[in-house]
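A.B. asks: From first to last, the protein sequence lines are chains L and U. For the first sequence, the numbering used here gives the first residue as 1, with consecutive numbering after it. For the second sequence, the numbering used here gives the first residue as 1, with consecutive numbering after it.
Please note that the accuracy of each hint is not assured.
What the hints assert, rightly or not - For each label pair, taking beta carbons as the anchor points, the in silico distance ranges come out as:
{"id": "1", "chain 1": "L", "residue 1": "Gly29", "chain 2": "U", "residue 2": "Ser27", "range": "19 to 25 Å"}
{"id": "2", "chain 1": "L", "residue 1": "Pro7", "chain 2": "U", "residue 2": "Gly84", "range": "24 to 30 Å"}
{"id": "3", "chain 1": "U", "residue 1": "Gly16", "chain 2": "L", "residue 2": "Thr72", "range": "27 to 33 Å"}
{"id": "4", "chain 1": "L", "residue 1": "Ala14", "chain 2": "U", "residue 2": "Thr7", "range": "37 to 43 Å"}
{"id": "5", "chain 1": "L", "residue 1": "Gly29", "chain 2": "U", "residue 2": "Pro8", "range": "37 to 43 Å"}
Honestly, the hints are just simulated from the structure, not real lab data. Note that this is a predicted model, so its numbers are computed, not measured. For glycine and all other residues, C-beta sits at the position ideal for the given N, C-alpha and C.
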Amino acid sequence: AQSVAQPEDQVNVAEGNPLTVKCTYSVSGNPYLFWYVQYPNRGLQFLLKYITGDNLVKGSYGFEAEFNKSQTSFHLKKPSALVSDSALYFCAVRDMGRAGGFKTIFGAGTRLFVKA
Amino acid sequence: DSGVTQTPKHLITATGQRVTLRCSPRSGDLSVYWYQQSLDQGLQFLIQYYNGEERAKGNILERFSAQQFPDLHSELNLSSLELGDSALYFCASSVQGDQPQHFGDGTRLSIL
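Just need the whole structure built from these sequences, with the hints factored in.
C.D. replies: Quick look at the structure:
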C-alpha cells in the first residue's frame, strides 16, 4: 500500500528565511504526489502535484517541491517565508481503489510557524 | 472559496443517534470524497464516489454510509454514534479521480 511520512510535527522559521517541509513516500509503481495546506477552521487547499516530468514542481503562493526518486522524498520548499505561510501542511499520495477509483493517503501533517 | 459547500457547519448530538452530512461539489466535478479529521487519527480517507458510483473505500466504519445523487451532491450518514466519532468531516471534489481535490470547510461533529 502507498504511504507518506512527514517526519516533523512542527517547523519553525523566521520570516524571510527559506523553508523546507519534509515528506518521504512509499509507493509501488509511479508516484502521484501532492501537497496541501490547511488554515485554521478551513478545508485543505491544493498547492502542487507531481505526476511526471521535471523533478522541481512549482505551485501556488511561491511554493515548490523537489521530487527525488532515489531518496523517495518530495520536500516542500519556499525561498522566503511569510508570516501568512503559518499553517498545517499535508503531503499526500494517490492510491488506487479496487473499483478503479482513487483514494488519497495523507501524511500526519507538519505545522509551520513563521516568526516575524 | 473552493466551490465545495458542506452543511451543516456544526452538529452536536448524543451517542446512539444518527446524522446526515451533506456536500455539494464544485460545479463540473464528478468525483466526491469524504474524509474524517481527528486529533488522534489525522486525516483519514473514507470513501470516493464518481458520477453516482462508489469507486474507492478507505477506513470507513460499517456504521457509516454514503451516496452520491444524480445531481452529484453527496451525503454521509453516520449512525449509532459513539464519542469517538467526534471529528471534522470534510468533503472534497475533483473533475476526475486523479486530479487535485477541492475541499469544503467541513462539518464539525460533536458527540456528547
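A.B. asks: Decide, hint by hint, whether the structure agrees.
C.D. replies: These are the hints, each one checked on the structure:
1. L:Gly29 with U:Ser27: 19 to 25 Å: For Ser27 (chain U) against Gly29 (chain L), whose Cβ atoms are near 32 Å apart, the range 19 to 25 Å is violated.
2. L:Pro7 with U:Gly84: 24 to 30 Å: Cβ of Pro7 (chain L) to Cβ of Gly84 (chain U): about 27 Å, so the range 24 to 30 Å holds.
3. U:Gly16 with L:Thr72: 27 to 33 Å: Cβ of Gly16 (chain U) to Cβ of Thr72 (chain L): about 45 Å, so the range 27 to 33 Å is violated.
4. L:Ala14 with U:Thr7: 37 to 43 Å: 41 Å, holds
5. L:Gly29 with U:Pro8: 37 to 43 Å: 40 Å, holds
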